[in-house]
Amino acid sequence: MAFAVQDSGKGPAAALRVSPHAERGGLKARERRVGWLFLAPALIAFVAVILVPFLRALGLAFTRYDLQTPVPEFIGLGNFHAILTSPEILGSFVTTAIYVVLATAGSVLLGLSWALILNQPFRGRAALRAMSLIPWVLPSTVTAFVWGWIFNSRFGVLNALLTSLGVIDYPTAWLSTSGGAMTAIVITKVWFSVPLFMSFFLAGLQSLDKEQLEAARVDGAHNLALLRDHILPHLKPVMLVVIVLGVIGNLQHFDTIFALTGGGPVRATSVLSIEVYRRAFDQWDIGMASAVGLLWVATILPAAWFYLRHLLKGA
Amino acid sequence: MSSISLKNVKKSFGAVDILQGIDLEIADGEFTVFVGPSGCGKSTLLRLICGLDEVSAGEIVIDGEIVNDVPPAKRGIAMVFQNYALYPHMSVAQNMGYSLRLAGTDKAEIEKRVGDAAAVLRLDKLLDRKPRQLSGGQRQRVAIGRAIVRKPQVFLFDEPLSNLDAALRVDMRVEIASLKERLGTTMIYVTHDQVEAMTLADKIVVMHAGRVEQVGSPLELYRRPANLFVAGFIGSPRMNVLRAEADERGTLRLENGTVLPVTAPAGARQVSVGIRAEHLSLSDDPGAFVLRGRARVVEHLGSDMFVHVSVDGASDPVIVRCPDEMELAIGSAVSVGFEAANAHLFAPDGQRIVSADARRSAA
Ligand SMILES: Nc1ncnc2c1ncn2[C@@H]1O[C@H](COP(=O)(O)OP(=O)(O)OP(=O)(O)O)[C@@H](O)[C@H]1O
Ligand SMILES: [Mg+2]
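Line by line, the protein sequences are chains A and B.
Take the first sequence: its position 117, counting from 1, is numbered 117 in the numbering used here, and each next residue is one higher.
Take the second sequence: its position 95, counting from 1, is numbered 95 in the numbering used here, and each next residue is one higher.
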């Protein structure tokens with residue numbers, strides 16, 4: 001011991017040797033190599049299934065490629081010019097905007113309210129929390145079927161309920177009016193999204209310091225002030241993520257709309273996803289469908305970019 | 001200014017009784033400290049007084065009015081939480097002014113009162129910061145500032161200094177003491193810390209398992225603990241306890257027959273004799289005092305030292321406090337003695353009994 005102490009007192013640093021256990025390239029090098037290895041399968045799948053088809057579709061957007069043109073023919077911005085002068089397609093953008101705003105706002109509001117309720121202590125809370133997830137677990141075709149049945153003009157539960165309450169005199173064909181159809185697809189989507197959003201909000205609420213709320217109560221805050229001054233500010237990051245996810249999800253949404261209304265009546269619920277589908281597989285106008293699709297992706301990108309940046313910053 | 005009285009206050013969570021009937025009077029302007037082991041119900045009692053939880057039975061009276069069903073904000077009470085519970089998204093100034101803002105006080109008045117409190121607590125330069133940009137001690141001061149700004153009738157503190165390091169604790173303790181002098185408000189203070197309790201309190205309430213064991217001034221508790229529990233809890237290091245047996249004449253003997261220099265009252269049999277470390281004398285001459293033993297551990301504290309002595313005839317070692325100038329080898333034979341006046345006698349049920357010597361001298 002005495003020797004070691006003496007030695008370190010005057011020994012120059014150059015005399016020290018590197019431990020034989022040292023990792024080449026620093027401590028993290030091995031972890032990084034393993035990381036790439038784990039990432040490889042997902043990366044290959046991504047390139048093959050998403051990136052390549054996407055880039056090809058991107059190319060098709062600048063071609064004429066329809067039933068009369070079996071081989072894609074380059075037409076530059078022709079498709080985009082057609083889109084700008086087509087009231088139908090421009091209408092699709094408006095329909096999409098209405099749908100996205102209503103569905104997102106509805107899901108966020110109801111998801112938050114539901115989370116606030118489920119965050120209160122009461123008997124049977126755990127069971128109710130579990131049950132709340134059911135709409136989210138159901139396959140979307142089943143969801144569409146359930147709601148289709150509810151809105152059905154002849155056998156529908158909604159008509160039965162409203163007539164028995166005396167609100168309406170005759171059964172209404174909800175899905176045949178443009179307002180009714182829009183309401184129906186929004187409600188269906190909200191019903192489907194609330195459980196997920198509720199889970200996000202609930203997780204956020206559970207990380208809220210209970211003492212903070214108690215301190216606020218002692219300071220004289222009533223329920224509304226608690227919500228406004230403490231709960232909502234605390235949930236702000238969650239709120240951002242939820243809204244962005246909601247916007248992205250609703251911009252992309254296709255299945256329940258297609259199953260419930262098919263974009264109708266006429267074009268009342270023809271959002272961009274439906275529009276692209278119709279162009280491509282009803283009218284076989286692949287070039288035009290690709291061009292609309294490209295614009296559609298362009299509307300999603302800002303939200304997606306925002307979301308990713310937020311995620312990466314958080315990590 | 002407010003007085004508080006608790007009348008047979010009980011609290012149970014489900015089937016578990018946490019507080020078993022607390023009676024307590026706290027006078028206007030008094031600084032009362034709750035002490036007791038972890039889990040004895042100090043925080044629970046404080047939350048009941050604050051109004052954050054409802055009592056299961058009994059009455060809480062503030063200024064002659066039963067406030068059982070009055071919400072916390074209307075009790076004229078401010079509470080400082082153990083983990084500060086600052087509002088993380090508000091600045092220091094907003095934190096401190098929040099209650100006034102809710103009460104609809106006008107901006108200029110809020111600013112003035114926040115400014116005054118900040119000056120007192122030396123927070124003036126930090127008013128625009130967020131809580132996470134503050135050190136522990138600064139956060140603590142903001143929490144106290146938030147309470148002061150409201151000009152409450154009663155301050156409640158739940159272990160406010162327990163998250164601070166030793167030096168900061170001393171600073172904050174002094175700060176709270178000066179606050180007490182300046183404001184003269186009724187204060188209730190929960191702590192684990194002996195020194196905080198002894199230095200700050202006008203009155204200490206010792207709690208144990210949901211009951212009040214003793215209420216009194218720091219010196220009363222130190223000089224005349226009502227039972228073994230209080231004797232062990234107040235004072236540091238813990239009071240030494242020797243198990244002794246008394247004969248018909250009151251002579252107290254250890255297991256090995258050593259006669260103690262204190263006499264039990266008539267009728268006592270099994271007696272626990274408590275003596276504080278500072279009331280024991282130590283000598284390296286084995287014949288100097290009645291208790292013989294060996295030094296086992298010596299702890300040097302600088303000015304003092306604590307010597308752990310295993311005494312012949314006693315089951316547990318006793319701790320003796322003496323000036324740190326004695327040369328003492330571990331394992332060396334020593335003797336220990338004390339004066340009758342400094343001995344505390346306790347019956348087998350733990351209650352204090354008065355020694356025969358004390359009775360004689362009182363007569
Ligand atoms: N909400 C609750 N539900 C059930 N039991 C509780 C609840 N709150 C406290 N208790 C129990 O009540 C007892 C007293 O708790 P309390 O927090 O008052 O102790 P304390 O004296 O403040 O302890 P510490 O010094 O560790 O803070 C503990 O046994 C605790 O487990
Ligand atoms: Mg506590």
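Since the hints were made in silico from the structure, they are not lab data.
Among the hints, erroneous ones may be present.
[What the hints assert, rightly or not] Pairs of lysine-lysine residues, derived as BS3-like cross-links and limited to a Cα-Cα distance of at most 25 Å, are as follows:
hint	chain 1	residue 1	chain 2	residue 2
1	B	74	B	180
2	B	130	A	313
3	B	203	B	112
4	B	74	B	125
5	B	203	B	125
6	B	107	A	210
7	B	125	A	210
8	B	203	A	210
9	A	236	B	130
10	B	151	B	107
11	B	130	B	112
12	B	107	B	74
13	B	74	B	7
14	B	151	B	74
15	B	203	B	151
[Stated by the list, open to error] If you only want the chain A side, here are some residues facing chain B, beta carbon under 7 Å, derived:
hint	residue
16	66
17	70
18	208
19	212
20	214
21	215
22	217
23	219
24	220
25	233
From a predicted model like this one, the values you see are computed outputs, not experimental measurements.
Where a beta carbon is used, it is the ideal one built from N, C-alpha and C, also for glycine.
Which of the numbered hints are not met once you compare them with the structure shown? 3, 4, 5, 6, 7, 8, 16, 17, 18
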